[in-house]
Amino acid sequence: MMKLASILFSMMLVNNYVLVKFMGICPFLGVSKKLDSSVGMSVAVTFVMVMATAVTWPIYTYLLLPNDLAYLNTISFILVIAALVQLVEIILKKFIPALHRSLGVYLPLITTNCAILGVTLLNIDNGYNFIESIVASLGAGIGFLIAMVLFTGVRSTLEYAQPPKSFEGLPITLISASLVSVSFMGFGGIIESLFGTF
Amino acid sequence: MESLYTAIIVITGIGIIAAIVLVLAAKFMYVPEDERIGKVQECLPGANCGACGYAGCADYAKAIVEAGADTNLCVPGGAAVAQAVSKVMGKTAGAVASKKAVVACQGFECNTGKKYDYQGVSTCSAAAKMFAGPTACAYGCMGFGDCVKACQFDAIHIVNGIALVDNNKCTGCGACAKACPKNIIALIPDDVNPVVLCKNTDKGAQTRKVCSTGCIGCMKCTKVCPTNAISVSNNLASIEQDLCIACMQCAEECPVHAIYVPNIR
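As given, the protein sequences belong to chains Y and B, one line each in that order.
Numbered by our numbering, the letters in the first sequence go through residues 1 to 198 in order.
Numbered by our numbering, the letters in the second sequence go through residues 1001 to 1265 in order.
Hints were generated in silico from the structure; no laboratory data involved.
All figures in this text were calculated on a predicted structure; none of them were measured in a lab.
Check each hint, because a few of them may be wrong.
Claimed, not checked - With a cut-off of at most 25 Å between alpha-carbon atoms, the simulated BS3-like pairs for lysine-lysine come out as follows: (1) Y:K94 x B:K1039; (2) B:K1091 x B:K1114; (3) B:K1149 x Y:K33; (4) B:K1209 x B:K1220; (5) B:K1178 x Y:K34; (6) B:K1178 x B:K1100; (7) B:K1129 x B:K1203; (8) B:K1039 x Y:K93; (9) Y:K34 x B:K1062; (10) B:K1091 x B:K1062; (11) B:K1087 x B:K1129; (12) Y:K34 x B:K1129; (13) B:K1115 x B:K1203; (14) B:K1039 x B:K1027; (15) Y:K33 x Y:K165; (16) B:K1027 x B:K1099; (17) B:K1099 x B:K1178; (18) B:K1149 x B:K1129; (19) Y:K34 x B:K1149; (20) Y:K33 x B:K1087; (21) B:K1027 x Y:K94; (22) B:K1099 x B:K1087; (23) B:K1087 x B:K1114; (24) B:K1027 x B:K1100; (25) B:K1062 x B:K1027; (26) B:K1220 x B:K1203; (27) Y:K165 x Y:K34; (28) Y:K93 x B:K1062; (29) B:K1062 x B:K1039; (30) B:K1209 x B:K1129; (31) B:K1091 x Y:K93; (32) B:K1039 x Y:K33; (33) Y:K21 x Y:K33; (34) B:K1114 x B:K1209; (35) B:K1100 x Y:K94; (36) Y:K165 x B:K1087.
If we strip away everything but chain B, and leave its shape as in the complex, we get:
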């Protein structure tokens, strides 16, 4: 019976001593932490996509409160989250530019061919190391789906050999753009402006050989553009989105149909 009492006393004693030490430690070594961090974090979507440029939602919340980071950096959350975060912080929200990813390639199986039959590890990053990938065009989408794996929102899929963005699901976080070894995924403003869906900077004749819809740098689009928004450098047209008025004349003029509005394609 006596050993029972000792056992109870010893265990309770250890517990009480530990409790006292912890309470004292918590009291005397209390580090004040801004309670707004938790509130800001609640407003954020919690996808940890990294589009804001921080390691995750928790890190971004900390940066907002402690380092005064902008409140409008969360791309997936958009304006609603920026509003909510700004309310917590007592700031006015800056405008959030809503963006969508677009795969600048139209190398569908019917438009382009293959250099060789690739049978290795089926990821883009691995395939890209073998003679710039199995696709005939060295700049185009290889369709192994590194971007599909990177997307947390199920918004990008391999269709007919290349990646296609589902605009209804895309939040513009840019995870796919980072994953693409060819750098052909761009983030563009979410409106009806046309974009050049090609990244091939080879000379026109060379481009023509490998793909029927690659930009050949013929300059026709630059001539029809009423606002001079299009320029051609390195045999590749590019449209300045700020100047574009979406008149679509370039898309009609393009002989290889490389210019499209990705949102309504």
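Just chain Y, same shape as in the assembly:
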């Protein structure tokens, strides 16, 4: 149980996929202008991360590994995740139209988002079992949500800033993103102190 909590918090804070591992930068910069769209995107990302892990972990463990095909994990994961996201979209549209309306716009955008692929691959690399992988994906998704919401706040303040002309727009956004990222470096070591090492 302690290990699960440790994984969850380390994925949320220390190994934050956006701000520490620099994955999923595209949606991070693309949809962080408004709070509702950034929350919607993060929820969709979390949802797909957990789903993708739940599907790719068995494929790796029971199909690729016994056949000595571990080196095929990247390509097969891309294939599976792309198909999965399409399937989820079709199912949502049919059975939960309300959820489809709120997540639908974001689902195709994250089909082969590198944060999603990164989560599934790193879960394998870290040697997590199935439950740990799911918890790690959930933590990664929540970490994505934290990063998005925080950065939306930064950006809304940025609207009123008057940077030098050449820094307007994307440059100053990237600089502030790097500062937010540096602040997340401060979480380094917190997990070892809280939960001990495993």
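Starting from the known structure of chain Y, fit chain B onto it as the hints suggest.
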């Protein structure tokens, strides 16, 4: 060699299984979507300005097809778009009232002064929170250009300290009116009727102190108007556009020259 075959078989197998599942899902869980939505959306200008009252062109197209929204709500597109959309929907188009934005203020630098020197964040919404803005008149345009930023058509600019609408470019979408913290931008019919270019509701003497062209509520315009289209309330004249016959007598009579036809100014 053998591992090569397994690799090919496994990847192809995953791909084929995924394809079959997706095809089946698409077939059995097909949600019919009205194809007219796409056609209607093609007719719309795609500016996503929100003048129709919906979140954007896609949302409006959906509302037309599914909720039976009126086909003549697109202000930038005007009559041509309403015609095209109605054709797709098989309805007759209602008339589209062509509108233009007008900034109801003449507080040019030569006409009015400043209360204080504002050095903060240069947006109207921020400046308006500091004692109703740096302009001497609490009702007037501050000229920081929130409306300029809101305009998607490059139709409004800060000229000589206040915002001015370029009538050739204005589509009447009303984005500037929503952005203005002073609510001095109005949408008026696109014709030659005069309007009162002032929003100051202070007493005449007070208005006179802060601006040389502010409406002082002297009632002279109401007396000359042949159709009784002008009324004065709260020390501010307003012209009922439906009654106005554009005889321009009020504009000639106004002692402070607050009444103008914005289109020919």
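Notebook entry, point to check: Among the hints numbered above, which are violated by the structure, and what are their numbers in rising order?
Noted result: Failing hints, ascending: 2, 11, 16, 20, 23, 24, 31, 32, 35 and 36.
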